[in-house]
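Chains as they are written, first to last, in this note's numbering: chain A, 1 to 471; chain B, 1 to 471.
Quick caveat, the hints were computed from the structure, so don't treat them as lab data.
All values derive from a computational prediction rather than experimental measurement.
Watch out, some of these pointers could steer you wrong.
A pair holds if it fits inside one copy or across any two, identical chains being indistinguishable in the list.
[Said to hold, decoys possible] Once the Cα atoms are required to be at most 20 angstroms apart in a straight line, the calculated PhoX-like pairs of lysine-lysine come out as:
hint : residue 1 : residue 2
1    : Lys237    : Lys442
2    : Lys374    : Lys289
3    : Lys225    : Lys32
4    : Lys195    : Lys442
5    : Lys289    : Lys366
6    : Lys206    : Lys195
7    : Lys258    : Lys32
8    : Lys270    : Lys14
9    : Lys258    : Lys372
10   : Lys419    : Lys131
11   : Lys270    : Lys442
12   : Lys289    : Lys196
13   : Lys196    : Lys455
14   : Lys289    : Lys14
15   : Lys415    : Lys14
16   : Lys38     : Lys258
17   : Lys237    : Lys366
18   : Lys289    : Lys258
19   : Lys131    : Lys458
20   : Lys419    : Lys258
Number of protein chains: 2
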Amino acid sequence: MLELLIPLDSDSGKPLYEQIYDYIRIHIADGKISCGEKLPSTRFLASHLQVSRSTVELAYEQLLSEGYIESEPCRGYYASDISELYLSGTKFPSGRPFLPQKQKTPYRIVFSPDENEFAYFPFGAWRKISKDLLAADDTTLFTAGEAAGEWELREAVCRYLYHARGVNCLPEQIVIGAGNEYLLILLSQILGSPKKVAIENPTYLKAYQTLLHMNDTMLLLSRDKSGIRMEDVRRLKPDIVYVMPSHQFPMGTVMPMKRRLELLRWAVEKPGRYLIEDDHDSEFRYRGKPIPSLQGNDANETVIYMGTFSKSISPAVRVSYMVLPEPLLFAYQANCGFYASTVPKEQQRLLASFLNQGYFERYLNKMRRVYKGKHDLFLSLLRQEPWVHMVYGDYAGMHLLAELNTQMRAEWIVKEAGKRGVRVYALEEYMVPGTRDFLEGKPTLLLGYGALCEKDMKEGIAVLREILMPH
Amino acid sequence: MLELLIPLDSDSGKPLYEQIYDYIRIHIADGKISCGEKLPSTRFLASHLQVSRSTVELAYEQLLSEGYIESEPCRGYYASDISELYLSGTKFPSGRPFLPQKQKTPYRIVFSPDENEFAYFPFGAWRKISKDLLAADDTTLFTAGEAAGEWELREAVCRYLYHARGVNCLPEQIVIGAGNEYLLILLSQILGSPKKVAIENPTYLKAYQTLLHMNDTMLLLSRDKSGIRMEDVRRLKPDIVYVMPSHQFPMGTVMPMKRRLELLRWAVEKPGRYLIEDDHDSEFRYRGKPIPSLQGNDANETVIYMGTFSKSISPAVRVSYMVLPEPLLFAYQANCGFYASTVPKEQQRLLASFLNQGYFERYLNKMRRVYKGKHDLFLSLLRQEPWVHMVYGDYAGMHLLAELNTQMRAEWIVKEAGKRGVRVYALEEYMVPGTRDFLEGKPTLLLGYGALCEKDMKEGIAVLREILMPH
C-alpha cells in the first residue's frame, strides 16, 4: 500500500484537510501516485498523520467529488486514471490576445447621431428616487421580477405613450427590455420563423442586422421622397414591414397619412402580417405638434410599437419597450414567457418613479428646447456654407442631412475629416452592406449635433469647409 | 374654394395653430372635406380668421408632414385621399385582452430552487456605493458604454473568477450581459449556425429552450450517476457540449476529473468543438473546497465559461458574464460587436465597486454560512422522514433531491401538495419536454430551501408527510 508522507503545517493558515487534499491531488496529477494505486484508509492515514479521522475524510471526499480518486465499496480508495491527460497550460503563452481594449476615440469632434446632451439631466431627482428606493432595505427589490417588466413601469409607460404618442394599449401589452435589439430578438421569436421582413434602405442598421441574425429573410425597400412605396411592398410580399413613420432614420422623413393607411390596410388583408413601428426619437420634434403614432390609427391589432429611453434619457440606461398587439400576447407567453426580464428591477422602479413623479415630462420639455436651440443654430450655420446644397431631415431628432455641392465622394470627405480629428458620417454608412452603390443623388453627410456645443459645431464645419473648398 | 369656418378660441389654452390643424384634420378624416378639395391659401385663411400668417403656415405644415394635405407647387394645398381609409377603432371592444396580469402565487410555502435569502444583504453598502456614484453628477454614467461591458466590471469579474474559480482569462475575454439566456443568445450567434448542441437531461431547461429558439439542433445526453458519458457524446457527434461540471442542475452531480479531461480531449480533437461550462451556483459549496472550474483545466481554448450574479447576489440584478476563449473573440466582434451592452452602466459600476471594495466576498462568505445552516437543517429534517428513501445533491447549492419510498407518482404528489398551498417540484419538471417518461428510478422531488425559514421547512415537510403517509 502507498505510504503518504504528507508534510503538514498546522501554522500555515491552510486547513489540514486542504493540505492533505492538495498533496494527494498534485501527486495524482503529476503521476507520482499512479492510476489504480490504492490509497491508505482514512483511519490509517489519520493515525499516521496524527490528525482526526474527519479531517482525512473531508480531504478524501473532496478528492472523490472532483474525481481524483475513486471509492470501491468494502475495498477502499484508488487513484483515478487522469495523469496522462492532465493539462495545465499557461494562458496565452504568445502574449495577450489580439482583441484590444476599446480605444479612446481618435476624434476631437464627433457629429454622432447617437450622442445626447446630459448637462441638464436632473441628477438630483434621479439620486433622490434612487436613495428612497434603497432606503427601506426592501428585499422585494431583489426577488425575481416579472418577465415582461415591472407592472408599475409598464403602467407608467402605457400612460406616457397614450398622452404623448397616441398609442392605444394596456399595460398587459407592454414588454420592457434591455434595448431595442434585445426586444427585436424577442419579437422575432414571437413572430416565429421562417418569415420575410421588409425594411427601408437606408435604415437603422442594427435592426436590420439583428433580424438577419435571427434568420429572418430581409427584403429591402427603396424610397421616394415620402418614404416607402406600397407597390414595392406588394411586389416583395413580406410578412412584416419595419418602418419609422414619425421620423425615418436616417432620412428624417415623416410618413404621410395616406401611406400609413395603405400600410395598415395591407397588414389587415392577410393573417400573420404585422407592421413594426420603430418610434425611436419622436419625442424631439421642434415645430408643430408631435406626429401621432401609426399604432394609434390601427384598429386591427397589426402594429407592434417600439420605443426607447435611449434618446429621451440615455443609451446607458438600457431600457426599451414594445407594445404587442393582442393576437401576439399568447405567442409571447408561449415562445418567450420563460425569458426573465433583462432590466434590473431597481432600474425599472427608478424609471417608473421618474415618470410618475413628472420628472420625465419636465426633462423632455427642457430637452426639446435645448435640442431645438442646437438644431436652429446648426441649421443656420450649415445654410451659410456655399458647399451645402440642401439640408434636410430638419425640425426633429438630433441630426441633419447635408447634401453637398461637390464632385467629391462622401466617403472620401469622411476620411479626410477623420484625418483632421472630426468624425462625420456618409449617408452610405446607413445603407445595408452590399447596396451602398445604389444610393442616388448628391453626396450627403449625416451630421449629429445632440452632444455638441456651438464652438464644436463651428470648428467641425470649418474643417469640412477646408476639405470641400480648398483654396 | 372651400370656406373654412374654424371656431377659434384664444382662451382655451390650446395654441391657435393647433386648433386650425385639428379642425382641418378632423374634417378630412370624417370626409367633410373631401379628397382633392382645394384649401384656402395661408394668406387668405389668416386674414379670414384674423390670425397671423405664420400660425396658419404652422398648421398647414403639420397637416402636410402627417399627409392629410398635399401641396402642389404654384397651385396651393389640397386634401389628401384618406377619408375612406380612416380607422378609429376603439381598443378591445370585447373587453380587456385575455392575458392576465401576473397573479400572486397561490402557495403559502414555495420550495423554489431559484429563490434566495436577502435578509443579510448589505443594503447599507449598496446604498452608499450607489449614492457615491450619483453624487458627482457624472455625465459619463449616461453616455453609451462598451458593448462587452464596462472595463472596470470585466476586470473585477476576471480577478474574482481567477481567485474563486480558478478561471484563467483576461478582461478582454469577458462579456457582461443581462442574464444567462441573453448571453446564450449571443453565444449561439457567435458560434454560428447550423450547429448541434448536446445537453444533459434533466437540465436547466431555460438553456435548452434558448438554444432551441436560436435554431440549434439539440441532442440529449442521458446520465449515469457521475453525469454524462463520453460514449454518448461520441455517438451523438455534437459540435458543442453544454455542461455544469461543478454542480449539475438539477442532479447536483460533480463531474469527476477523469470525465472532465475526456471532455477537454474530445473538444480539442476537431476544430469548431466547444464546451459551454455553466457554473451557475458554485459559490455555494458547504463542505470542502470549491470544485475548480473546467475552464481552469483547459489549455486549448475550448471552454466557454458562464457565470451569474443571480444566485450570489440576486436574480433581479440581471447580470451574468461569459468568458470567451481566444478563438471566439474575433467572431464575437464580427457577429455581435454591434449589440450594445444590455446592462445599465450605473448597475455595472455599482457592481464593480461592490466587488472591488470587498463587499461581495464578505457577503459570499456570510451567505455560504447562512445557506449551509439552512442546508444542514433541511437535510436533517428530511432524513428523519420515513417516506424519504434517499437525499442527494447535498453539500452545495440551494436545493436537495429527495427520492421517495412510495408508489405514488411524483407529479401527483406535486399536485396534492399544491392543493395544500405548498409548491414542490417533481424531478420530471426538469426533463426536456417529451422525454419525461424516460426518467428512471424512484419518484423524486426537488426541494429548494434558499429562501425558507425553519418553520416553513417543517410545515412543508408536514404537508408532504400527510400526503405520503396518510393514516
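For each hint, the structure was consulted:
Taking the shortest Cα distances, Lys237 and Lys442 never come within 20 angstroms of each other, neither inside one copy (31 angstroms) nor across copies (55 angstroms). For a Cα distance limit of 20 angstroms, the shortest separation of Lys374 from Lys289 inside one copy, 19 angstroms, qualifies, whereas the shortest one across copies, 60 angstroms, does not. In this assembly of identical chains, the alpha carbons of Lys225 and Lys32 never lie at most 20 angstroms apart, being 79 angstroms within a copy and 28 angstroms across copies at closest. In this assembly of identical chains, the alpha carbons of Lys195 and Lys442 never lie at most 20 angstroms apart, being 35 angstroms within a copy and 45 angstroms across copies at closest.
Proximity of Lys289 and Lys366 under a CA criterion of 20 angstroms is satisfied intra-copy only: 16 angstroms inside one chain copy versus 57 angstroms between copies. Taking identical chains as interchangeable, the C-alpha atoms of Lys206 and Lys195 lie at most 20 angstroms apart only when both belong to the same chain, with a minimum of 18 angstroms there against 24 angstroms between chains. Taking CA atoms no more than 20 angstroms apart as the test, Lys258 paired with Lys32 passes between copies only; the shortest distance there is 17 angstroms, against 83 angstroms inside one copy. For the homomeric pair Lys270 and Lys14, neither the shortest alpha-carbon distance inside one copy (71 angstroms) nor that between copies (41 angstroms) is at most 20 angstroms.
Taking the closest pair of Cα atoms, Lys258 and Lys372 never come within 20 angstroms of each other, the shortest separation being 28 angstroms inside a single copy and 67 angstroms across copies. For a Cα distance limit of 20 angstroms, the shortest separation of Lys419 from Lys131 qualifies neither inside one copy, at 46 angstroms, nor across copies, at 41 angstroms. For the identical chains of this complex, Lys270 and Lys442 are neighbours neither inside a copy (39 angstroms) nor across copies (52 angstroms), given an alpha-carbon limit of 20 angstroms. In this homomeric assembly, Lys289 and Lys196 never come within 20 angstroms of each other (Cα to Cα): the closest approach is 34 angstroms inside a single copy and 53 angstroms across copies.
Taking CA atoms no more than 20 angstroms apart as the test, Lys196 paired with Lys455 passes in neither setting, with 46 angstroms inside one copy and 56 angstroms between copies. For a Cα distance limit of 20 angstroms, the shortest separation of Lys289 from Lys14 across copies, 11 angstroms, qualifies, whereas the shortest one inside one copy, 71 angstroms, does not. Proximity of Lys415 to Lys14 under the C-alpha cut-off of 20 angstroms is found in neither arrangement, the shortest distances being 60 angstroms within a copy and 49 angstroms between copies. For the identical chains of this complex, Lys38 and Lys258 are inter-copy neighbours only, at 17 angstroms across copies versus 85 angstroms inside a copy, given an alpha-carbon limit of 20 angstroms.
Proximity of Lys237 to Lys366 under the C-alpha cut-off of 20 angstroms is found in neither arrangement, the shortest distances being 43 angstroms within a copy and 60 angstroms between copies. Only within a single protomer do Lys289 and Lys258 lie at most 20 angstroms apart by alpha-carbon distance; the minimum there is 19 angstroms, versus 70 angstroms between protomers. In the homo-oligomer, the alpha carbons of Lys131 and Lys458 never lie at most 20 angstroms apart, since the shortest distance is 41 angstroms inside one protomer and 38 angstroms across protomers. Taking CA atoms no more than 20 angstroms apart as the test, Lys419 paired with Lys258 passes in neither setting, with 45 angstroms inside one copy and 57 angstroms between copies.
Checked against the numbered hints listed earlier, the structure breaks hints 1, 3, 4, 8, 9, 10, 11, 12, 13, 15, 17, 19 and 20; every other hint is satisfied.
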